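Q: Chain by chain, the residues run as shown.
There are 6 protein chains.
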Amino acid sequence: MPGSEYNYVTPPLSTNSVVEDESWLWFQIKAEAHRDAESEPVLASYLYSTILCHSSLYRSLSFHLANKLCSSTLVSTLLYDIFLNSFSTDPTLRSATIADLRATRARDPACVSYSHCLLNYKGFLACQAHRVCHKLWTQSRQPLALALHSRIADVFAIDIHPGAKIGKGVLFDHATGVVVGETVVIGNNVSILHNVTLGGTGKVRGNRHPKIGDGVLIGAGATILGNVKIGEGAKIGAGSVVLKDVPPRSTAVGNPARLIGGRDQPSKHEDVPGESMNHTSFISEWSDYII
Amino acid sequence: MPGSEYNYVTPPLSTNSVVEDESWLWFQIKAEAHRDAESEPVLASYLYSTILCHSSLYRSLSFHLANKLCSSTLVSTLLYDIFLNSFSTDPTLRSATIADLRATRARDPACVSYSHCLLNYKGFLACQAHRVCHKLWTQSRQPLALALHSRIADVFAIDIHPGAKIGKGVLFDHATGVVVGETVVIGNNVSILHNVTLGGTGKVRGNRHPKIGDGVLIGAGATILGNVKIGEGAKIGAGSVVLKDVPPRSTAVGNPARLIGGRDQPSKHEDVPGESMNHTSFISEWSDYII
Amino acid sequence: MPGSEYNYVTPPLSTNSVVEDESWLWFQIKAEAHRDAESEPVLASYLYSTILCHSSLYRSLSFHLANKLCSSTLVSTLLYDIFLNSFSTDPTLRSATIADLRATRARDPACVSYSHCLLNYKGFLACQAHRVCHKLWTQSRQPLALALHSRIADVFAIDIHPGAKIGKGVLFDHATGVVVGETVVIGNNVSILHNVTLGGTGKVRGNRHPKIGDGVLIGAGATILGNVKIGEGAKIGAGSVVLKDVPPRSTAVGNPARLIGGRDQPSKHEDVPGESMNHTSFISEWSDYII
Amino acid sequence: MPGSEYNYVTPPLSTNSVVEDESWLWFQIKAEAHRDAESEPVLASYLYSTILCHSSLYRSLSFHLANKLCSSTLVSTLLYDIFLNSFSTDPTLRSATIADLRATRARDPACVSYSHCLLNYKGFLACQAHRVCHKLWTQSRQPLALALHSRIADVFAIDIHPGAKIGKGVLFDHATGVVVGETVVIGNNVSILHNVTLGGTGKVRGNRHPKIGDGVLIGAGATILGNVKIGEGAKIGAGSVVLKDVPPRSTAVGNPARLIGGRDQPSKHEDVPGESMNHTSFISEWSDYII
Amino acid sequence: MPGSEYNYVTPPLSTNSVVEDESWLWFQIKAEAHRDAESEPVLASYLYSTILCHSSLYRSLSFHLANKLCSSTLVSTLLYDIFLNSFSTDPTLRSATIADLRATRARDPACVSYSHCLLNYKGFLACQAHRVCHKLWTQSRQPLALALHSRIADVFAIDIHPGAKIGKGVLFDHATGVVVGETVVIGNNVSILHNVTLGGTGKVRGNRHPKIGDGVLIGAGATILGNVKIGEGAKIGAGSVVLKDVPPRSTAVGNPARLIGGRDQPSKHEDVPGESMNHTSFISEWSDYII
Amino acid sequence: MPGSEYNYVTPPLSTNSVVEDESWLWFQIKAEAHRDAESEPVLASYLYSTILCHSSLYRSLSFHLANKLCSSTLVSTLLYDIFLNSFSTDPTLRSATIADLRATRARDPACVSYSHCLLNYKGFLACQAHRVCHKLWTQSRQPLALALHSRIADVFAIDIHPGAKIGKGVLFDHATGVVVGETVVIGNNVSILHNVTLGGTGKVRGNRHPKIGDGVLIGAGATILGNVKIGEGAKIGAGSVVLKDVPPRSTAVGNPARLIGGRDQPSKHEDVPGESMNHTSFISEWSDYII
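Protein chains in written order, with the UniProt record's numbering: chain A, 1 to 291; chain B, 1 to 291; chain C, 1 to 291; chain D, 1 to 291; chain E, 1 to 291; chain F, 1 to 291.
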């Protein structure tokens, strides 16, 4: 579907369904937290302050982010105001949060519950904080966006430029070391492992970073540089270094990266790797792999 | 030695010798800290609070970890209780700490003293905190284990799943960016550099992560994915991407990884690279290396 | 220029010009911060405490570093004293800070202002803190240097050994995951991306780490191991693994790294990649790259 | 005016005028803070975070109280929510705040500005926090009210039981050591100095504390015990111990307290001492005073 | 009972009954906290961290005191160790805590539950912290005792010298401003209101402070100076200044204090005012009181 | 000596002798702290951070005050700058500190060492912080002075208006609850107990507070109101309420206060009560005292 693969804007929301979705998910999260608080009194204080004393998912998330990202010169109450204000006034932010929670729960076998993701996944938390940064950026509030970005980079070791556009249902798994540049566009239902770089090519200004199509999977430590297109449903192997476009539903591996099946007739897979999370199915086809 | 190479359980301890070992090491650490406090009054406050005011190594370590890992919603006194309780009741934890301290001191030429390791090595500290996480995990206290794991990942940028089993005498050097999955097993006397991934292969649940044999050395930025076996005494070159088993005492390098000497007759080394830390001796044999 | 390429010592300063330079830059930074404080009251508190209430650049920097690096066992006022004392007594430190600020502003298109760099660039901040660590190291104050180094590694996820010598006008971009070993020497006007390792080769003590010439550019995730020389103006591609010397003004790429143009007649570029930040111009020459 | 003198409930508010009053005062406070921030950069950070970055008086006050009253087990963001929620939903609370600000500014010659009172007067701040406590108390949220009360008592050394009813335009000057019991009622336009006790008479439960009429002035260190009435416009001398009713517009002094002019024909004054703050005009009439 | 009235040492404890008493009380406290946590989720985090996650009363108390009394230079984990160590090894301390809890609950009509006292009564908390201070003092650990004493005086505005001996079942009500000198002895079942001074007479060293008999009640703001004896069951009126001995079961009021009934034939009461808390029954007998 | 009794300005200092005095005292304090750190490792961290790592008394004091008075909106590093700057540039401040330290040590039998006073005496610390406030006040930096004053009042429960002039060698003993008004002048070698009020008389502006002569002793809880003169060497009994001038070397007691010996022929004492601290020698002469 040409033209749509980098389209991270979702179709107009029926506000109603978002609200229902939010309610259902929030109900699950509170039930999980209640169960955990009962079984583990040592953790109950944490669960009450972060989840159980709040009246909605976005208030819980704002509270949690403010307490994670505060510092001695940026107090938590100030950050709390910023997050609350952004989430409460922008249903798009809230629906992206919900989609990310669902994506993490569905794709990561280590994610045992929604509350686990909400509280403990640094990739999820950094991504939600980034969404607020990006909103501030588009509102011409660059200095605030950059200050917040700096806190995210310090606290989570995840560096997503406020200008980057990120779709919904995105999973940043493990996430430490991720770098995403200013003019990056990431589609919907993308999965990105830790230490992935979506970087620029140097001093050039303007549009200079990768565009990642819907449903792409990018393996740990992969480096993609420059204004290249990673076609929808493509898969980038762990540790790959990619400097050119990758066609849709094909697989690029290695440093320098090669297409499985060859440049001219690359193999195409049917599944959506960003959702199926199939990291290694290309092994048998990777002819150079000789262990 | 088939069957034993991933055996991270050490033979039953003579409790006595652990106690003696602990005493000796603790005496050294206090002597080092005393010397440093005298030569550097600016640091004395730190050395007294973290080491010199404590009556044992495990109390000092519990104090230090609690103060490193606390946050505004997980107060230090609560974490202190958790660490104290785990270390004081489980001599296996304490003997693993001792072995890790010795391993760091012996293998890393930059490690100038035991107290240096105890106070400053994020890899060492994250590993000890993980050992407590893992204990909680095996006691079916998952929510607490995961909350603690999240703090380790935030504070140290080291992400070891609470389910991972780690042997004794393990060195995580530099350690930033390390990711270790849920069903990983790491043997004894292993050395792992920073940015190493021992990851899964996607959405598959169950046993899905690497098994690392005794004495293995894994270079910086190496990525090992899937339920593969890295044989005892093997060496994985920096930046390698490994998706298949690696035989004992052989060396895998490159992306995709190749065995030095070839798949059929791989070269075998005599030393234990996890202990000798010999990172680069394979260079002359690496035929493709053409600078 | 043999013999000079790793020379990170700058020519004797006309103290006067440093003072003037400092004044000019400090004036710019305050003007930027004033402008931002007026346009964004939410951030004004942060801008006044970190920049606008201070009387000089080095006091602002000392304040900012102390508040970033403090912990519950190393209080900010103590760290503030250490930084103030170092910067106020050593004009070389201050002129290096100025050169780094200028380098960041000039080379990184995402760097929108000097104050942005001063407040938000973890690579810049870690590097300035390292310069103080290194000074302490050379004054035989190892325990303090190592404690401070540990805080930098925890807070910024950047691990520069206090012994490493770093020239002026150095840019650590994004910087998460960078590891720089004890006997590393980095020249002037070098640019280093995130996740770069300048590491040792194992247990060997003594001079065991890379020497990076003036004007070198090292791409994201590159790993350089051992006491090898990266010639002035050389370029190391992202994700490369380098274990041998790289000649001046040549380009090494891949894992294992190869020289563009071949070992015997490597291509030479005219620009200074550490300043031009040209990451990807080697693509067309990289014959193996087959996407 | 029998029956009305302890009536701390104000006539129904024209919401409009409250809003206007709030706006005018908030405008003044911001103007004062702006002026101070410009003349004193060292304080600007504090003024921006507490006043200038907020959109209304009650948000500024909620922020300030949350940051003053928080502790390691009651985080500021949680308290902020409580204050914001109370002030935003209850215009009576907001109009009492305004009346107290005006009273302090008008009556205390040491109060140089509204912002000075808002930021620095512990009596004012404790009283506003108490008003929220009292609201929680009347909503049957006793445990929360008592926890908040405990923080006020710790932080400000002012102990006002959440059950106490306090009118509008009340000045607690200096305020350290003030104790106000559960069934106390304080009228409008009352002024109370530090170390004043409005206490009970022991173990008796039920209505057991003083009722203070409108316009009363109670001097420093005065102790009033039991369910006694202090008539409107009465004056209680510093250090007095009062255990019986005091008629309106009379003056009680000494330990034990006597009425100026005698029990049967006490002198009556015309002014409202709670507003005129005339502490010592009774001296010439105090016949026993013999210095 | 001459000779016994200042005897604050209780008869040898049947350790068993203390343990039972502790268990019963702890059970009540947890039940109260559970009930409050359920009815007030906003407070649940606080209740879990301070009470519900602990295994015993003394651990809960140690945790709470450590978090209340910590500062940036005396971290909470260090204080926690001190409190835990004292309470766990000294059953006398624990039984005094229990007696004080019971006394507060029984005598103060504003004390709605045991948990309310444990969490919120600064007089109770300061007294328990003092008991630990006193223990350290008697162990010749003066510097530590004085540092802890200083924290109590800062945090609670209650100044009890570490040398002072305090019996069991003592209530410090409201407690702000209380000063108790080094050689004070306070008997059992005493009640002391806020702002009470038990002070010395100047520069004299040695035994120079009041001795307070069992069952005494001292009203708010009373000042007792010098090595005087307040006989068992005596009552000191609010605001009194006492510089001479007061006979058992008599009442002293006023400044200067007089005995109700006269010096030669003072009135004697039958009840134990320290327990009955009858503050004002002397009024009708106080002939000078003339309002 | 008319005209000189409120003269708090000391004769011009031989700067030399101040420096020597400072050195001697600082040497004593460090020796005491060393001794305590050795005997009590639990406290050593505190002693090193507050005293032993500093190079001078005023740096130690600035550090300690900054850490005591900081809050989440006034960070310690900012306060540290203010204190350092004031003390380092004004030898008068430093010599007053020394005189206060000596006075406390000499007059208070509970003061066991200079370091005890420096670290633990809230009256001493509040007074030194006030001296800086007063300096700011006289430099027309009122907003900063008032903000700092507010912190002192919160943290120490001591409320000294920045405008008040305080001589040297002043002891504030226990100090909780002390209130000192804007136009107060306190002479040299004065001793003031806790809960003392030196207050105004209401709404009158201008010179409206007490003037306290050299060598005066004011007992606990005394209240002195209005622009009255307390003659040099006078003594004010505990709990007294004074509203008129008190002649030099006389004693005023009671509420209302009377002169011992009568208004016309008051008894005169020879000693300097502010130094001898003789609180109670007037008892036998106090004819109304009838216990």
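Worth flagging that the hints you see were computed from the coordinates, not collected in a lab. Fair warning: there could be bad hints in the mix.
[Unchecked claim] Cut-off 27 Å, straight-line C-alpha distance, at most; resulting in silico cross-link-like pairs (DSSO-like, lysine-lysine):
#1 30(C) with 244(A)
#2 30(F) with 30(B)
#3 165(A) with 229(A)
Nothing here was measured: the structure is a model prediction, and the numbers come from that model.
Q: Hints first: check each against the structure and report whether it holds.
A: Hint check:
The suggested pairing of residue 30(C) with residue 244(A) is violated, with an alpha-carbon distance near 42 Å, which exceeds 27 Å. Taken as a hint, the residue 30(F) and residue 30(B) pair is honoured in the structure, with Cα atoms around 23 Å apart against an allowance of 27 Å. Under the criterion of a C-alpha separation no larger than 27 Å, the hint pairing residue 165(A) with residue 229(A) is consistent with the structure, at around 14 Å.
Taken one by one, the earlier hints fail for this structure only at number 1.
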